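Trainee: Same order as they appear, the protein sequences are chains A and B. By the working numbering, the letter at position 140 of the first sequence is numbered 140, and the numbering carries on one by one without gaps. By the working numbering, the letter at position 163 of the second sequence is numbered 163, and the numbering carries on one by one without gaps.
In case anyone wonders, no lab produced these hints; they're calculated from the structure. Note that the structure is predicted; figures quoted are calculated from it, not measured. There may be inaccurate statements among the hints.
List of simulated lysine to any residue pairs, SDA-like, C-alpha gap at most 25 Å [stated by the list, open to error]:
#1 B:Lys9 <-> A:Ser385
#2 A:Lys279 <-> B:Asn17
#3 B:Lys9 <-> A:Met1
#4 B:Lys44 <-> A:Ser385
#5 B:Lys55 <-> A:Val389
The chain contents come next:
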Amino acid sequence: MNVYLDNNATTRVAPEVVEAMLPLLADLYGNPSSMHSFGGQVGTQVQRARDQLAALIGADPVEVVFTSGGSESDNMAIRGTLMSMDGRKRHIITTRVEHPAVRGVFQHLGKTGYRVTEIPVDSDGALDVDMLENAISSDTALVSVMWANNETGVIFPIERIARICKERGVVFHTDAVQAVGKLPIDLSRTPIDLLSLSGHKLHAPKGIGALFVRKGAKMVPLIIGGHQEGGRRAGTENAASIVGLGVAAELAASQIQTENREVRRLRDRLQQGILKSCKDAVLNGKHRLPNTLNVSFKYIEGESILLMLDEVGISASSGSACASGALEPSHVLRAMGVPFTAAHGSIRFSLSRYTTQAEIDYVLEKLPPIVDRLREISPFIDDESGKPVELTL
Amino acid sequence: MWDYNDKVKDHFRNPRNVGYIKDADGVGLVGSMACGDALKLMFKLDGEQRIEDVKFQTFGCASAIASSSALTELIKGKSLDEAARVSNKEIAEYLGGLPEQKMHCSVLGRDALLAAIDNYRKKSRGEQPEEVQVASDVVCACFGVTRQEIERTVRENKLSTVEEVTNYTKAGGGCGGCVPQIEELLTEINASPPPVREAQPKAAKKRLTTIQKIQLIQETIDREIRPQLQKDGGDIELVDLDGDMVVVSMRGTCSHCKVASFTLKFVVENKLREFVSDSLRVVEASSAEAGDEA
Ligand SMILES: Cc1ncc(COP(=O)(O)O)c(C=O)c1O
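Same shape as in the complex, but just chain A (with noise of 0.2 Å):
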């Protein structure tokens, strides 16, 4: 059995989205920007695209910016913003958890004359918004903020963060990709004047991503040249691709209720039975995405562990270092204080709407055997008590 438990890393283009694109990668090769009608029936069903993924999010269709995906959104939104500024305010404030998409952009912004505060999380995750409140001040350019964790689905109170920076008067990014499709997001109604999101996340192929920019918000280009997306984002676009998001997040926009409710049970069922099932086995991260769950295998590695899980057919992931070839292990852990012991051992487990019973049922089965034998290996069990011993150092 081959079953993926991999959707925070990417997910199965739905067979709508691929039925969708496929005439526009053979027939349908017009350039949507053309004065002719060939080209222009691509630019019609550009144009529907942009209100489906508007549609999901309560935007405007002007609103939208299609991207390259989740990363150029996110640099496009700090740095176009940033850069709009001229310099004028030099403090910017994120969060220790975000993705490296946003992380890198403010590391880089840091060495460049930025000055960052990163608001810690506590252990469950969650986000100290009294501290970011009391950091914003007359100097504060832009607040970043996830909206969801990728690794460990921990969801943030966007809502409350984007009025507060809107009454402060700074401009509020959020990186929204893990939450788009998964949640309902409502932007006629939430002040956030920057949201970023990949389609590859929900459904739709890998390369593609969009970028809320609410009217009114000022945004230098990255990409400088023809006057598509409204002359904030250069480039022919990729047609096909963006065909595919807009039925993807049709797909969402009718399914989210319901998938959410199936795929919240069966995450359920796997995480009581894992946390009942293996020993020392604890949940990382509260008040998550319906899909996620992150829990840590104590005493063993997580490389090992994907590895073996592997062997068996099932795609997880890990915030071990090893499995990602780093030396250090995941930086949102490690923010939420979750000890070495536990860091290491981490597995995440991300469901979709094409997750079944028997699949979660299947990993029930194998997992458990997995980490007890890993545990035989460990010299951090004891081999009699099969208790956890403290080995001096």
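Given the coordinates of chain A, work out where chain B with the ligand should sit on it, guided by the hints.
Mentor: Same frame as chain A, now just chain B with the ligand:
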């Protein structure tokens, strides 16, 4: 996904000699939970002082488990002197090669073996055995890698670049602050023949009352540890002393180094052991209390 060959996968899936020897003659333990890999190795000698039985337990990735397994196969039946000559290179070769970034796993095996042999020799000389050789000369603070470890690995594997040193020992792979020092070390090592190793005697320390101990710990922190940390933007505070357990709250030395708290603990512990008492253990107060802003 790592590109492990079939032999590595086999030793990962079916590791040889996993387990525990109750009355082991030598026990070595290296690495730590913080580093993401730890290996406990133990052996029993036969009448002719050859390794009759050897067992290991490993916390780590697939290549760490496979390297441990390979090592035990390699040293079975050998005398301690022969076993001590098994290099990490041989471990990797036995496995048909490891991904370059995973070479440190084979070094871990080698270090555990040396620690176990050391443990046996100390015990047979009637000295208080230590399970681990306490690192004395830390070059890479992020991963607690000593000068001696780097030197040995560079010589055995004929390494010439910092990147190689990082792949083999992890040194330099955290904040990168020690990269210049590794460069210097490399030039130095590759220019000179291997030195004769000499033992470092530890000065005997007198018994202290708890009050004296706290004072001495505070002094050591103020004099030896805090100035160094503050220079890099970090800090340390003594919170409590409970027997030999020193509770401190700490802040990382460099913002990129996510394992800073672990390494700090390592460095702090070494300093306190050097200046106060060998038996001290350092633990970090719950990180929630030490709310710091990067
Ligand atoms: C929270 C978050 N932000 C940004 C990204 C980057 O998106 P993309 O892969 O489309 O560049 C991802 C996905 O990896 C993500 O999970």
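Trainee: Decide, hint by hint, whether the structure agrees.
Mentor: We went through each hint and held it up to the structure:
Taken as a hint, the Lys9 of chain B and Ser385 of chain A pair is broken in the structure, with Cα atoms around 29 Å apart against an allowance of 25 Å. For the given pair, Lys279 of chain A sits about 24 Å from Asn17 of chain B by alpha-carbon distance, which is consistent with the 25 Å threshold. A C-alpha spacing of about 21 Å is found between Lys9 of chain B and Met1 of chain A, which places the hinted pair at or below 25 Å, so the restraint holds. Using a Cα cut-off of 25 Å, the hinted pair Lys44 of chain B and Ser385 of chain A holds, with the two alpha carbons roughly 23 Å apart.
Restraint check: the Cα-Cα separation between Lys55 of chain B and Val389 of chain A comes to about 17 Å, which is no more than 25 Å; the hinted pair holds.
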